[in-house]
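Student: Read off the chains here:
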Amino acid sequence: MNYLIVGASSGLGRDLAYTLSENLHDLVLISRDKRDLDAMKSDLENKYKTKVNSYVVDLASKDSVISFLDYNEIKLSKIDGVLFPIGMMSENDSITQIKDGVDQITNANFLSIVKFLEKIIPIFKEKQKGTIVGFGSIASSLGREKNMIYSASKRALNSYFESLSATFITSNINIQFYILGYLDTNLAFDKKLILPKASTEQLAKKIFKNMDKNNIKEYYPGWWGLISYFISLIPFFIIKKLFKFIK
Amino acid sequence: MLKKKIISLDRSTNVDIFIKRPDKYREIENFSLNTDNLITMGGCNSYTPASFKRNNLSLLFTKFDRIINFDKMNKTITVEAGIKLSNLLNFTLKENLWLPQIPGYPSITLGGAVAANTHGKSSDTHGTIRNQIKSILIFHKTHGWMNLSDKENKSIFDLTIGGFGLTGTIVNVELELIEITGCNFTTTVEKVTSAKDAIEKLNKRDLTNLFSYTWNKTYNKKRFGEGLIFNNKINENEKNLPIDKMQFKNKNLDRHFALNLWNKFSIKFFQNLYYNYFTIYKNKNNNDNFENVLFPYAGKESYFRMYGKKGFIESQLLVPLNKVDIFLDELEHLVNTHEPDIVLFSIKKIVGKELFLRFENTGVCFTFDFSKNKKNLNFLDKLDILCIKYRLKPSIIKDSRLDSSTIKKCYNDFENFKKDLSDFDNKNIYRSELSDRIGI
Numbered sequence: 023m024n025y026l027i028v029g030a031s032s033g034l035g036r037d038l039a040y041t042l043s044e045n046l047h048d049l050v051l052i053s054r055d056k057r058d059l060d061a062m063k064s065d066l067e068n069k070y071k072t073k074v075n076s077y078v079v080d081l082a083s084k085d086s087v088i089s090f091l092d093y094n095e096i097k098l099s100k101i102d103g104v105l106f107p108i109g110m111m112s113e114n115d116s117i118t119q120i121k122d123g124v125d126q127i128t129n130a131n132f133l134s135i136v137k138f139l140e141k142i143i144p145i146f147k148e149k150q151k152g153t154i155v156g157f158g159s160i161a162s163s164l165g166r167e168k169n170m171i172y173s174a175s176k177r178a179l180n181s182y183f184e185s186l187s188a189t190f191i192t193s194n195i196n197i198q199f200y201i202l203g204y205l206d207t208n209l210a211f212d213k214k215l216i217l218p219k220a221s222t223e224q225l226a227k228k229i230f231k232n233m234d235k236n237n238i239k240e241y242y243p244g245w246w247g248l249i250s251y252f253i254s255l256i257p258f259f260i261i262k263k264l265f266k267f268i269k
Numbered sequence: 007m008l009k010k011k012i013i014s015l016d017r018s019t020n021v022d023i024f025i026k027r028p029d030k031y032r033e034i035e036n037f038s039l040n041t042d043n044l045i046t047m048g049g050c051n052s053y054t055p056a057s058f059k060r061n062n063l064s065l066l067f068t069k070f071d072r073i074i075n076f077d078k079m080n081k082t083i084t085v086e087a088g089i090k091l092s093n094l095l096n097f098t099l100k101e102n103l104w105l106p107q108i109p110g111y112p113s114i115t116l117g118g119a120v121a122a123n124t125h126g127k128s129s130d131t132h133g134t135i136r137n138q139i140k141s142i143l144i145f146h147k148t149h150g151w152m153n154l155s156d157k158e159n160k161s162i163f164d165l166t167i168g169g170f171g172l173t174g175t176i177v178n179v180e181l182e183l184i185e186i187t188g189c190n191f192t193t194t195v196e197k198v199t200s201a202k203d204a205i206e207k208l209n210k211r212d213l214t215n216l217f218s219y220t221w222n223k224t225y226n227k228k229r230f231g232e233g234l235i236f237n238n239k240i241n242e243n244e245k246n247l248p249i250d251k252m253q254f255k256n257k258n259l260d261r262h263f264a265l266n267l268w269n270k271f272s273i274k275f276f277q278n279l280y281y282n283y284f285t286i287y288k289n290k291n292n293n294d295n296f297e298n299v300l301f302p303y304a305g306k307e308s309y310f311r312m313y314g315k316k317g318f319i320e321s322q323l324l325v326p327l328n329k330v331d332i333f334l335d336e337l338e339h340l341v342n343t344h345e346p347d348i349v350l351f352s353i354k355k356i357v358g359k360e361l362f363l364r365f366e367n368t369g370v371c372f373t374f375d376f377s378k379n380k381k382n383l384n385f386l387d388k389l390d391i392l393c394i395k396y397r398l399k400p401s402i403i404k405d406s407r408l409d410s411s412t413i414k415k416c417y418n419d420f421e422n423f424k425k426d427l428s429d430f431d432n433k434n435i436y437r438s439e440l441s442d443r444i445g446i
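These protein sequences, in sequence, are chains A and B. Each residue of the first sequence is one higher than the one before, counting from 23 in our numbering. Each residue of the second sequence is one higher than the one before, counting from 7 in our numbering.
The hints are simulated quantities; they were obtained by calculation from the structure and are not laboratory data. Be aware that a few hints might be false.
[Claimed, not checked] Straight-line C-alpha distance at most 30 Å; calculated BS3-like pairs for lysine-lysine: (1) A/Lys213 - A/Lys151; (2) B/Lys288 - B/Lys381; (3) A/Lys219 - A/Lys239; (4) B/Lys69 - A/Lys69; (5) A/Lys100 - A/Lys168; (6) B/Lys381 - A/Lys219; (7) B/Lys69 - A/Lys168; (8) B/Lys78 - A/Lys63; (9) A/Lys56 - B/Lys140; (10) A/Lys227 - A/Lys69; (11) B/Lys395 - A/Lys213; (12) B/Lys255 - B/Lys316; (13) B/Lys316 - A/Lys168; (14) A/Lys214 - B/Lys315; (15) B/Lys288 - B/Lys329; (16) A/Lys73 - A/Lys84; (17) B/Lys381 - B/Lys359; (18) B/Lys359 - A/Lys168; (19) B/Lys251 - A/Lys228; (20) B/Lys100 - A/Lys71; (21) B/Lys100 - B/Lys140.
[Stated by the list, open to error] Per the computed footprint, the stretches of chain A lying under chain B, defined by three or more beta-carbons under 8 Å from a beta-carbon of chain B, are: (22) 28-35; (23) 56-63.
[Stated by the list, open to error] On the chain B side, residues computed to face chain A include the following (Cβ under 10 Å): (24) Lys26; (25) Glu33; (26) Phe97.
Heads up, the beta-carbon is just placed ideally off N, CA and C, and yes, glycines get one too.
Kindly generate the complete structure, drawing on both the sequences and the hints.
Tutor: Here it is in structure tokens:
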């Protein structure tokens, strides 16, 4: 099998690449920095003898994404599955500070994925099979003062994947969406968090195990599902009071 | 930024540091550029605080652990410096190649080994890791990316090997690997009657042995250094068997027992037990696997924990060949006079050349482990005087007590190292508790 990993060079994307390679799948890796991609390609090929192609694409830039998709249709036609372990955050992601960063965060976390799938879904339809894996965030459960564009983009992505599930419910195109809590990635490494961080390596193994299943929507770690459920039950007038209390 | 309490393995230093873990190349640049002072951290397995400094940034380099290039034909490999040595060997041994200069714990990283210019058990054949290094890529906050080798930036290349990470972050290293014909060993154990007898036997060792080193008892005044000599050679009967992947669990090395369990009674008890185990219970020739021979401390972390809250001191001394006899006489006299509690005493030979602050020369390497108490510290002060008198090299990476004045007197190149480093980086951007202590 041949998998495309969009956002492959660090965190979950990196562990997905290793898990898939270890299980002898060929890979197409996409990331922003050639140095990271070259290091991964060489390491994977040396260790697992699988075939790895890599492409530099800045997922925060609409032009970079469109240019890649326009020039690489043939390569995409060989893909059996696509995974989007992308998450771009910014220290300035708040109403007063964000300014020019809105487009970048929205592109990286939502619009670039939509653009990729515009090209890939017709290929999967023609093959009558394929796997699409997206990743949301627990941050999208509730509006927030910090990371507001990030959480809004992830909520949009959640809705988009629900629509994909609805569209392909009876087909052999597998739609999977994981809503992620705290993971042991660089986004969380130097932050003191109340709840523990989950291992990206374990998550990658779980995703690999589920690869042939259709219509997955799961929280990881699972107990975030319970927290999210309780948040959804709280009436907005109480949430307003909570916001005031925090301020 | 995350502030974390950290303690050196010998428990000499306990400080708060800032820590970041880059996993992309641009993060090495960004994290380095956005701070005044920093140092790189690998496995954080040095006995001394070489990879951190109070309130300074440590770049945890463990995500940079990939194979950048492997050329089987020319036996070279380029690897990112955060790779654990056990993982590097897991890859190379499959190709019947290895890096011989491996220190005794599997989670030590390649970058750490280069920065400390480590030697392994075959130090009398292979010398230090310097002999395997073809080139190094570093990132320095002001100089940026630099390729270092004998042909390019040679002066910085020389400063970096055994330079305690003070020339910048070691990002990747090109190594020349050595062929190995098998991964299982036959270990021969032989008795030695004294430290001098041990050295005589090491001098006459059978060259088919890959490793030869001693373990010596320390409590017997009449027969100081009586003990065992271990010789490991490749097991010819299991020569071509591929190695199983070495798997080591992450052990929490900073744990300790409430009390120091090493005293003269326990030392005598354990040393007798160990000696009798090998002389009475075990056969003279035993089969051993690669992990046990190469990483003797893995799985035996309790040894460090038994030193309790105060921790331990390891003194490793490099004695030139022509001074070994006189050193042993003086050492024996000092031991008889001061009666220190020496938990571990081991001897091996080493070959190499002196340069800068590298623990390298042709001679004999003596290792002693002590618990931290007044009597032992007093003995160690006397040992320092002996080092200065005979210009022996005490290992800077092993002994947290060593001060600038002792090191200056024992390392001919101390001032040259300091000057060359200062010419390269006059702001001393890369600093650790170790570099501050020794006055660099």
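Student: Next, verify each hint and record whether it holds.
Tutor: Here's how the hints hold up against the structure:
no.	hint	result
1	A/Lys213 - A/Lys151	40 Å, violated
2	B/Lys288 - B/Lys381	35 Å, violated
3	A/Lys219 - A/Lys239	20 Å, holds
4	B/Lys69 - A/Lys69	16 Å, holds
5	A/Lys100 - A/Lys168	40 Å, violated
6	B/Lys381 - A/Lys219	46 Å, violated
7	B/Lys69 - A/Lys168	28 Å, holds
8	B/Lys78 - A/Lys63	18 Å, holds
9	A/Lys56 - B/Lys140	24 Å, holds
10	A/Lys227 - A/Lys69	18 Å, holds
11	B/Lys395 - A/Lys213	51 Å, violated
12	B/Lys255 - B/Lys316	25 Å, holds
13	B/Lys316 - A/Lys168	44 Å, violated
14	A/Lys214 - B/Lys315	27 Å, holds
15	B/Lys288 - B/Lys329	35 Å, violated
16	A/Lys73 - A/Lys84	28 Å, holds
17	B/Lys381 - B/Lys359	34 Å, violated
18	B/Lys359 - A/Lys168	57 Å, violated
19	B/Lys251 - A/Lys228	23 Å, holds
20	B/Lys100 - A/Lys71	13 Å, holds
21	B/Lys100 - B/Lys140	22 Å, holds
22	28-35	holds (count 3)
23	56-63	holds (count 5)
24	Lys26	6 Å, holds
25	Glu33	7 Å, holds
26	Phe97	7 Å, holds
In this structure, the earlier hints numbered 1, 2, 5, 6, 11, 13, 15, 17 and 18 are contradicted, and the remaining ones agree with it.
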